[in-house]
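> From just these sequences and the hints, can you work out the full model?
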Amino acid sequence: MMKKIITYTLLLVSAFVIFFPILFALVASFLTPSQLNSGNYIPTSISFANYLKVFQDVPLLQFLINSFIVSSAVTVGQLLLCSLAAYAIVFIPFKGRNLVFFLFLSTLLIPWEAAMIPNFVTILNLGWLNSYLALTVPFITTAFGIFLLRQHFKTIPRELYESAQIDGCSRLRFYWSFALPLSGPMLSALGIYAFLTTWNMYLWPLLVTSNNDARTVQIGIRMMISQESATSWNTIMAGVIIILIPTLLLLFLGIKQIRRGLMSGALKG
Amino acid sequence: MGKRWFHHSLFVVFAFVLLTVVTACGNSSNEAQTTEDGKIIVDFWYALGGNLGQSVEEMVDNFNNSQDDIQVNAVFQGSYEESLTQVRQLAGTSEAPALVQVFEVGTKYMIESGYTEPMQTFIDKDNFDLSLLEDNILSYYQVDGDLHSMPFNTSNSIMVYNKDMFKEAGLDPESPPRTFSEVREAAKVLNDHYNGQVDGFSVITHGWFTEQMIANQGGLFVDADNGRAGEPTQALINEEPGQRWFEWLADMKQDGTLGDYGREWDDHRAAFLAGTVAMYLDSTASLAGTVNNAEFEVGTAFMPTADGMDPHGVIVGGASIWMISDIPEEVQQAAWEFVKYTAQPEVQAKWAADTGYFPITKAAYDEDVLQQRYAEYPQFLTAVEQLQNTTLTPATQGALIGVFPEARERVVNAVESLHDGADPIEAINLANDEINRELENYRRANQ
Amino acid sequence: MNPNLQQPDVSTNSNKPLDKKRKKRVKEWKLFGEGMVYLFPALLILGVFLFYPMVKTLYYSFFITNPRGDTVVFVGLEHYIELFKSSNFQNSLIQTLKFVLYTVPTGVIIALFLAVIANEKVKGIEFFRVIFSSTLGVSVAAGASIWLFMFHPSIGVFNNIVQTLGLEAIPWLTSRQWALISVSVTTIWMGIGFNFIILLGGLQNISQDLYESALIDGAGYFARLFKITIPMLSPTLFFVVTVTLINSFQSFGQIHILTGGGPNEATNIIVYSIYKEAFEFSRFGTASAQAIVLFFFILVFTVLQFKVGEKKVHYQ
Chain A
1 MMKKIITYTL LLVSAFVIFF PILFALVASF LTPSQLNSGN YIPTSISFAN YLKVFQDVPL
61 LQFLINSFIV SSAVTVGQLL LCSLAAYAIV FIPFKGRNLV FFLFLSTLLI PWEAAMIPNF
121 VTILNLGWLN SYLALTVPFI TTAFGIFLLR QHFKTIPREL YESAQIDGCS RLRFYWSFAL
181 PLSGPMLSAL GIYAFLTTWN MYLWPLLVTS NNDARTVQIG IRMMISQESA TSWNTIMAGV
241 IIILIPTLLL LFLGIKQIRR GLMSGALKG
Chain B
270 MGKRWFHHSL FVVFAFVLLT VVTACGNSSN EAQTTEDGKI IVDFWYALGG NLGQSVEEMV
330 DNFNNSQDDI QVNAVFQGSY EESLTQVRQL AGTSEAPALV QVFEVGTKYM IESGYTEPMQ
390 TFIDKDNFDL SLLEDNILSY YQVDGDLHSM PFNTSNSIMV YNKDMFKEAG LDPESPPRTF
450 SEVREAAKVL NDHYNGQVDG FSVITHGWFT EQMIANQGGL FVDADNGRAG EPTQALINEE
510 PGQRWFEWLA DMKQDGTLGD YGREWDDHRA AFLAGTVAMY LDSTASLAGT VNNAEFEVGT
570 AFMPTADGMD PHGVIVGGAS IWMISDIPEE VQQAAWEFVK YTAQPEVQAK WAADTGYFPI
630 TKAAYDEDVL QQRYAEYPQF LTAVEQLQNT TLTPATQGAL IGVFPEARER VVNAVESLHD
690 GADPIEAINL ANDEINRELE NYRRANQ
Chain C
717 MNPNLQQPDV STNSNKPLDK KRKKRVKEWK LFGEGMVYLF PALLILGVFL FYPMVKTLYY
777 SFFITNPRGD TVVFVGLEHY IELFKSSNFQ NSLIQTLKFV LYTVPTGVII ALFLAVIANE
837 KVKGIEFFRV IFSSTLGVSV AAGASIWLFM FHPSIGVFNN IVQTLGLEAI PWLTSRQWAL
897 ISVSVTTIWM GIGFNFIILL GGLQNISQDL YESALIDGAG YFARLFKITI PMLSPTLFFV
957 VTVTLINSFQ SFGQIHILTG GGPNEATNII VYSIYKEAFE FSRFGTASAQ AIVLFFFILV
1017 FTVLQFKVGE KKVHYQ
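Chains as they are written, first to last, in my numbering: chain A, 1 to 269; chain B, 270 to 716; chain C, 717 to 1032.
Do not take every clue at face value.
A short, non-exhaustive set of chain C residues, derived as facing chain A with CB atoms under 10 Å [what the hints assert, rightly or not]: (1) Val742; (2) Glu744; (3) Ile914; (4) Gln966; (5) Gln970; (6) Ser1004; (7) Ile1014; (8) Leu1020.
These are computed hints drawn from the structure, not numbers from a lab. Here the structure is a predicted model, which means the values were calculated and not measured. Every residue gets a Cβ at the ideal spot worked out from N, C-alpha and C, and that includes glycine.
In structure tokens, the structure reads:
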């Protein structure tokens, strides 16, 4: 009994501390500026005025749509390209495939920031600034994804592959009708992870977007701060809450897959 | 077989969707963009947030509604620094806007970048009468007799103080301190009166105030007449004027009367409005906002001067509008129409009344809206008077430096080190050395 | 894509050895070609956006560039020499190391603590697990904005609390003494979700039998924690530390939003420094030299980690 009380106390206190910033943002988003200035944090009434204001002042919807398109495209691209590459490494016994795999792995050591300057120049020369291309194409393959899927493909029994071949099943077809469906949980874990990391990207979108056509929500928030911080932190907090909703929702719905997927990546290494 | 083909086509569709999604937004034509009803689109980047930004949007809306041929799209680009960063990255590409607002210290950089079309071209073509503009403002932006950009928002630094606190602490709210030592004394009185709960004085950690303080004492920022007579090779901020300013700050830091609210203008204003700072140096730019939001009486005073010196005056701060070259001629022409609109007396008068900036056009002072404003808020007049008292010398004309934004960063670091208790002379010497290195790098990169 | 490629070749037995060799080589090339078809898109992307730029960064680091980003003057190793002489860059390196030191151990320990208490089998535990994971769903911009507001010098919640307690307001983001700590706290908070998920998974993978036999031996809670849990968890911990370390080195968004590298460069950690040099000041040369230094730093740290980790980590 005593142990239960301690456990619950620890859990509750930790949960409050961890969740405090989000909770605080939520509360602040319902306050008026004068309440904020006086440090009075108890909302007297639920008013959505700040939420309406943020949609009026900042093209938040456009930012959300941009982020959504970019994140989805990167997710689909990563799943496709990483799985193709991992499939080739596992199922096509060509010479040098270990070398290729090693090449992929070595990219894990390159910090993206070290490649950022020439990448910016490349995007500039391609004329891709302010387009979804700049925000997606560089990210549709990651060594991490290839690695994760390779580990998983290796668990697909060889016999299954061989018997499928004897039945005249082409490689591409085996990829599409066996390898992918058998990797459902892993693909969804990688997918959710790719979506979240793309959604959260900050430095790169900051560099390659300069107008609202392609700006993602992250950059939108930065803009919102410099635009509104003089007057209305409550509006900024309303904006923050709005952009938190999609990712938190995705996280809460997909948490089991993420856990499973990330775990196998972390442990089987 | 059927099933196999089904899968294959699924695969193709999959890849196709990806490609279309990804290519949906590639667009790099070099033709004038028009709206559906045929108006020429002029992109205009601005860098003013909050109330100021709303005033910009309002001005643009008024222009768009005033005629049927041009649609100006105002896009907010963050702070001046962030906005200049964007310009540096995008100038010369199809993503560059037609017009961009750049802060005063970016002037030389912009001219030498080769990305801009001098406003002088249009001024000559259109016989635009420059004598309508304020002399001090022109003298800042004219380089070798040419006006490269159109002044847009110009401001001064002034001292803002809380009159109610002055009264409570037994100071005369109508005669604010004027010299370094008077300010220091007043700050002590205020600090003591509120038992240290209030900071007597503070200054936003921004390079601009150092520039103003040096100019006010008649000092130069760099050699070659502040870079106006040639390429500067030496920073001069560690000469006497700069030293006096840094020592003054360090003294007040030691007194415990110097508040520190960081680099953000808004954080200082919030602190002043919340009554935690009694006097601080600010730009006139958002004076309107400060006066309106304060629950006490706001006073304004001239920039303090070093003891025993007559003030030389202040440098015109703010920003100007630049036109980007490499854009279709008709867009440039349309952009020029908008630029001309911004300089009209009634537009300038409204702009100045709404914000706290000076009108760039002399005639704007005669407009009713501005006269009413000045009658209602005499605080605004301090800055006008300060500007008119300024004697024009290379010092008050302001420096022209290609690496001015970088130099500001060094100065800001030095001021921040003062807040950490560094020796003022060492701090300013260090900043001076660093700026010298920046100047040298710039010369090498542009040889 | 010929499905027959893989089938065992029965007909080759009667042919000459030379022919056999040739056929084999043809088959190998075909296989190689097929592999490349699958691999091409991935190789292309990584080649264009990682390998090529890495080489290009090295190239840039030997030049002075003009404001347009073109290489103007070849200066050899000058940028590197300048960097290591520059007190600013030394400061940047020191602050980076401090930042890593502040964020990595604390971040991992907090996440481990949360994982341990969330591994108890009590009612409603799923709710707590979701809460503890929640910061994974908070983007850097959103998270940093909230903290920026909480750190606000005059109307922030922290200074409100501090002043209610009768203390003097703390310059969270404006003093050199506090800024790096404030940024670190924000960074730790944002990393908790990810670390928690991984560590919890690691805990759940530990076989229950071990605990049961320990219970029979009469081991107490902490004995079990340090004798079983931590050793069995070491591979997972190792992974978490590696990832946190790399993330920590690459922090940018929270610094851009919270401090802009200030005050007086206190939070100008290396990635931020690269950004500022390259994109604020258009000096690709020095920025690239810094990027190369960053690359080596991460390389050395990773290698060291694996060297140390291999010895300490207990594999099942």
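> Next step is simple, just say for each hint if it's right about the structure.
Results of checking the hints against the structure:
Residue-level restraint check for C:Val742 is violated (minimum Cβ-Cβ distance to chain A is 13 Å; threshold 10 Å). With 10 Å as the threshold, the beta carbon of C:Glu744 comes within range of chain A, its nearest partner Cβ sitting at about 6 Å, so the hint holds. The interface hint given for C:Ile914 is met, as the beta carbon of that residue sits about 5 Å from the closest beta carbon of chain A, less than 10 Å. Hint status for C:Gln966 relative to chain A: holds, with the closest Cβ pair at about 6 Å, below 10 Å.
Look at C:Gln970: its Cβ gets to within about 9 Å of chain A, closer than 10 Å, so that hint holds up. Interface hint at C:Ser1004: satisfied, since its Cβ lies 6 Å from the closest Cβ of chain A, which is below the 10 Å cut-off. Using the Cβ-Cβ criterion of 10 Å, the hint placing C:Ile1014 at the interface with chain A is satisfied: the shortest such distance is roughly 5 Å. Annotation: interface hint on C:Leu1020 violated; nearest CB of chain A at approximately 13 Å, more than 10 Å.
Figure legend: structure checked against the earlier numbered hints; hints not met, in rising order: 1, 8.
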